[in-house]
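Asker: Line order of the protein sequences matches chains A, B, C and D. Here our numbering is used: position 37 in the first sequence is 40, and no number is missing along the way. Here our numbering is used: position 96 in the second sequence is 99, and no number is missing along the way. Here our numbering is used: position 128 in the third sequence is 131, and no number is missing along the way. Here our numbering is used: position 101 in the fourth sequence is 104, and no number is missing along the way.
One or more of the hints may lead you astray.
[Stated by the list, open to error] Computed beta-carbon distance windows for the label pairs: (1) B:D121 x A:S104: 52 to 60 Å; (2) B:D121 x D:G230: 41 to 49 Å; (3) D:G230 x B:N96: 43 to 51 Å.
[Claimed, not checked] Simulated coverage check for chain A against chain B, where a stretch passes if three residues somewhere in it have a Cβ under 8 Å from a Cβ of chain B: (4) 71-79; (5) 89-99; (6) 166-175; (7) 178-188; (8) 245-257.
[As the list claims (entries may be wrong)] Here are some chain B residues the structure puts well away from chain C; computed CB gaps all over 10 Å: (9) A79; (10) G196; (11) A224; (12) S237.
Bear in mind the hints are in silico, worked out from the structure with no lab data behind them. From a predicted model like this one, the values you see are computed outputs, not experimental measurements. Note that CB positions come from ideal geometry on N, CA and C, so glycine has one too.
4 protein chains.
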Amino acid sequence: MIRLIVAALSALLCSLSVAPAQTAQPSAGPVPAAALEDLVLANRILADRGVLDAYGHISIRHPADPNRYLMARAIAPGLVTLDDIMELDLDSNPVARRGRSLFVERFIHGEIYKARPDVMAVIHTHSTGVIPFSVTQKELKPIFHNASFLHVGVPVWESRDGFGATKMLVNDGKLGASLAAALGNKPVALMRGHGDVVVGPNVRVATLRAVYTDENARMLATALSIGGPVNTVSPAEGALRDKDPSDPTRTWELWKANVLKKEH
Amino acid sequence: MIRLIVAALSALLCSLSVAPAQTAQPSAGPVPAAALEDLVLANRILADRGVLDAYGHISIRHPADPNRYLMARAIAPGLVTLDDIMELDLDSNPVARRGRSLFVERFIHGEIYKARPDVMAVIHTHSTGVIPFSVTQKELKPIFHNASFLHVGVPVWESRDGFGATKMLVNDGKLGASLAAALGNKPVALMRGHGDVVVGPNVRVATLRAVYTDENARMLATALSIGGPVNTVSPAEGALRDKDPSDPTRTWELWKANVLKKEH
Amino acid sequence: MIRLIVAALSALLCSLSVAPAQTAQPSAGPVPAAALEDLVLANRILADRGVLDAYGHISIRHPADPNRYLMARAIAPGLVTLDDIMELDLDSNPVARRGRSLFVERFIHGEIYKARPDVMAVIHTHSTGVIPFSVTQKELKPIFHNASFLHVGVPVWESRDGFGATKMLVNDGKLGASLAAALGNKPVALMRGHGDVVVGPNVRVATLRAVYTDENARMLATALSIGGPVNTVSPAEGALRDKDPSDPTRTWELWKANVLKKEH
Amino acid sequence: MIRLIVAALSALLCSLSVAPAQTAQPSAGPVPAAALEDLVLANRILADRGVLDAYGHISIRHPADPNRYLMARAIAPGLVTLDDIMELDLDSNPVARRGRSLFVERFIHGEIYKARPDVMAVIHTHSTGVIPFSVTQKELKPIFHNASFLHVGVPVWESRDGFGATKMLVNDGKLGASLAAALGNKPVALMRGHGDVVVGPNVRVATLRAVYTDENARMLATALSIGGPVNTVSPAEGALRDKDPSDPTRTWELWKANVLKKEH
Chain A
4 MIRLIVAALS ALLCSLSVAP AQTAQPSAGP VPAAALEDLV LANRILADRG
54 VLDAYGHISI RHPADPNRYL MARAIAPGLV TLDDIMELDL DSNPVARRGR
104 SLFVERFIHG EIYKARPDVM AVIHTHSTGV IPFSVTQKEL KPIFHNASFL
154 HVGVPVWESR DGFGATKMLV NDGKLGASLA AALGNKPVAL MRGHGDVVVG
204 PNVRVATLRA VYTDENARML ATALSIGGPV NTVSPAEGAL RDKDPSDPTR
254 TWELWKANVL KKEH
Chain B
4 MIRLIVAALS ALLCSLSVAP AQTAQPSAGP VPAAALEDLV LANRILADRG
54 VLDAYGHISI RHPADPNRYL MARAIAPGLV TLDDIMELDL DSNPVARRGR
104 SLFVERFIHG EIYKARPDVM AVIHTHSTGV IPFSVTQKEL KPIFHNASFL
154 HVGVPVWESR DGFGATKMLV NDGKLGASLA AALGNKPVAL MRGHGDVVVG
204 PNVRVATLRA VYTDENARML ATALSIGGPV NTVSPAEGAL RDKDPSDPTR
254 TWELWKANVL KKEH
Chain C
4 MIRLIVAALS ALLCSLSVAP AQTAQPSAGP VPAAALEDLV LANRILADRG
54 VLDAYGHISI RHPADPNRYL MARAIAPGLV TLDDIMELDL DSNPVARRGR
104 SLFVERFIHG EIYKARPDVM AVIHTHSTGV IPFSVTQKEL KPIFHNASFL
154 HVGVPVWESR DGFGATKMLV NDGKLGASLA AALGNKPVAL MRGHGDVVVG
204 PNVRVATLRA VYTDENARML ATALSIGGPV NTVSPAEGAL RDKDPSDPTR
254 TWELWKANVL KKEH
Chain D
4 MIRLIVAALS ALLCSLSVAP AQTAQPSAGP VPAAALEDLV LANRILADRG
54 VLDAYGHISI RHPADPNRYL MARAIAPGLV TLDDIMELDL DSNPVARRGR
104 SLFVERFIHG EIYKARPDVM AVIHTHSTGV IPFSVTQKEL KPIFHNASFL
154 HVGVPVWESR DGFGATKMLV NDGKLGASLA AALGNKPVAL MRGHGDVVVG
204 PNVRVATLRA VYTDENARML ATALSIGGPV NTVSPAEGAL RDKDPSDPTR
254 TWELWKANVL KKEH
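For reference, chain A alone in the conformation it holds in the complex (with noise of 0.2 Å):
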């Protein structure tokens, strides 16, 4: 698949426009390349190590337009190209709609665009080693330096609090934006029975988060079944670790090359 990447990259070169628009929303523009193939590489990294299966999705906000997002159409992100991209706005219509389909829990994406000005990237998932902590009363909380960022507290959305049963689909704006208001200032949290949402300031750091927001949290459920009180990561060391956090390079270029390795 990687063919892909590089002849979609060669022909484009520097930039990607959207095709004349479909709809009455004009496209914000061309989106460095760059750009894109971090978003498409991200789904790849994310499905390559199980923390995305075949129905989470991730997204990047325009870099030319606040009010715009990017995002695969539906599809499983392990098998996400560049031609899958497309651009939506933040009720989350697509800009060119082009027959295809779109994921009906989009609108996670929008609504924390709508509410989170500091937020550039945007990942959902069905991550097996936090759906635990989002049906049991124990707190997600950090016990790895690398997960530190959890220690504002990890919010757990409850569908059924606001709307009473439902599918289980933050399917249109009204979950979604309850959704971002259960998040409010944080990086992750947990939706009960369904998964995680992971925010950050660009897709290869809310990548890293969504990582190792997994690993800690497998690795607590292993401390909790030994047993005993666990000694957690403090507020004051998560605080001075949010000011010099992890490299996000090193974990990149790492995870990029495993992906690449296997698809060669």
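Given the coordinates of chain A, work out where chains B, C and D should sit on it, guided by the hints.
Answerer: Leaving out everything else, chains B, C and D in the frame of chain A:
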């Protein structure tokens, strides 16, 4: 191995005629190649994902005759090719044995097709996530929305209740009928100390159900080891989701691509 | 590596003559190539499945002489080829050492062959699923029908009982004889803080037993962590299944294909 | 990537001269190619086995000068090649920086080499098996004979004891010296909420220790979740085994072959 599939499909073009019957049973006629390809792929997909081990099996009801079903000869699911598929009647007699070995537990399939006219595909697994729930008193309840179909309950079939000590194999029609009765109108039943049986309206949905039943069981075991009450998917949520279930195309395309990539 | 096997097999055609003895022991004569190929494959299969790590080993009794057995020189099982196989007597002396290193724990094999005329294959593993049961007081009971052979009980050999503090290695005949006595007439015995020993009427059955003993142990640990009583396979069920056990051809063909696919 | 290793080794033939120093530090001179190759392979092996993630690191003491050590520039261990290896003094200053980024936690290595003249290799991991034992009150004791070296005790270094809230990184000599003091004369110390540090008389033994420390921790967590008292390797057994430890050649040859097979 995929070359075998491709070669076989090319030769058949769009249908497969089962070889002339060597028994009294007449064949129900050719099966569309797409249906057979899905059956073969379901075997490979579930083997690839570790849901089927060397001894599980998958069948589909004959598209043209509700009194016939199609299943591989006795061979590990990870090795099944088109040429291994056989036609059986609902008493699990082969239309044309051609000297081949049959699964001794094929009666699971025949008896469920008799009892459940809505069922078009049956999967029997030794899935390691579910077996612990077949031997403990904790119910396998859904905690993950993609497994919400479990909200109707997951019966545990205990062969000792009706049959005393056995070889723990469903190797005749009486045992198969007992299992089918335990399954009732549900999508999944556990078999104590053995595995589970998963049914669906087609093989793609049944495959998805087998995967998410196993995944839900693993996450529930983790939630239980964390301790405290577990917040399950409610019957009301499950019922709403049943009307608009997860799209099996998304999982199928991904899981198929993963299998083909490894076999290339 | 499979090319090494094929090349070696082509050269040998149908038998292997062990090189002229450099010690007093005469060779028991050539071994059928198929038996040697199974021994080599069993090493690769159990390494591939994670049942053997760098230090385990597998032997078969010499088909032509009950007082000889065949085992690789001291090398990780995942790297064993035909050329590594050596012939030893039941005191675990090599017929022809040829300057090679031997497993220091080969006495496990020799002493079991002395004590158990029915046994034709012996496997010693450090299988990570079973070791927790060698150091706790919970018995390793069968909960899965493919491991029903454990119904006769799984002794735990404690080297400290007869020998006090040791290096925890079965590095002489006395320790080997003690282990063989603990095994008695059973198919599997655990070695405290070390692993297990698994025997069978041939190497394919012993391989299957080693795999399902490990898998059963992992599922039992999960069942115990879920809590409450655990419903085990009954002695009556186990005895019935012993008379008609799972077909090792099914597992062997799959596991062999998996190994060959990776080595190609 | 193995081609990179081979090409580099061919060019170097049997030694590597570190480039002319751009700082006041003189180089301790060339390092045998075999030593460097082992260092590179240890990085790949521990990445392949999941013991090192993107952020761990490995060093060896300079064979010709006890006041120098060799370690990769700041890069994920799974991507390390010969060209990344740098020479540092025991205050962790590079002999020739050449514009490269250094691991911020290199002081772990320098301070341990100062405190432990017997140590020739140091590994720092975020090994997910051990981290739960760094945040609970259950001691990481050996239950598996291949991890018997843990019988002397596994200290847990708590940075908060001496330094209060920090970024949880060993990013200066004082923190490194504190960790080295906690390690004392032991082979392994845990770092609370972070990982561990593993030392040895050479990089192959240190690699083996890092692997079996992680594996022992995972099995101990399972044993604890099963419940009841756990039967550990006794100090007397551990002391006997220390005199005749497991042969690291066996593991090294296997793990190296596994890495090369995947990189081919």
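Asker: Would you mind marking each hint as holding or not holding in the structure?
Answerer: Results of checking the hints against the structure:
no. : hint                        : in the structure
1   : B:D121 x A:S104: 52 to 60 Å : violated, 27 Å
2   : B:D121 x D:G230: 41 to 49 Å : holds, 44 Å
3   : D:G230 x B:N96: 43 to 51 Å  : holds, 49 Å
4   : 71-79                       : holds (count 3)
5   : 89-99                       : violated (count 0)
6   : 166-175                     : holds (count 6)
7   : 178-188                     : violated (count 0)
8   : 245-257                     : violated (count 0)
9   : A79                         : violated, 4 Å
10  : G196                        : violated, 5 Å
11  : A224                        : violated, 5 Å
12  : S237                        : holds, 22 Å
Hints 1, 5, 7, 8, 9, 10, 11 from the list above are not met by this structure, while the remaining hints are.
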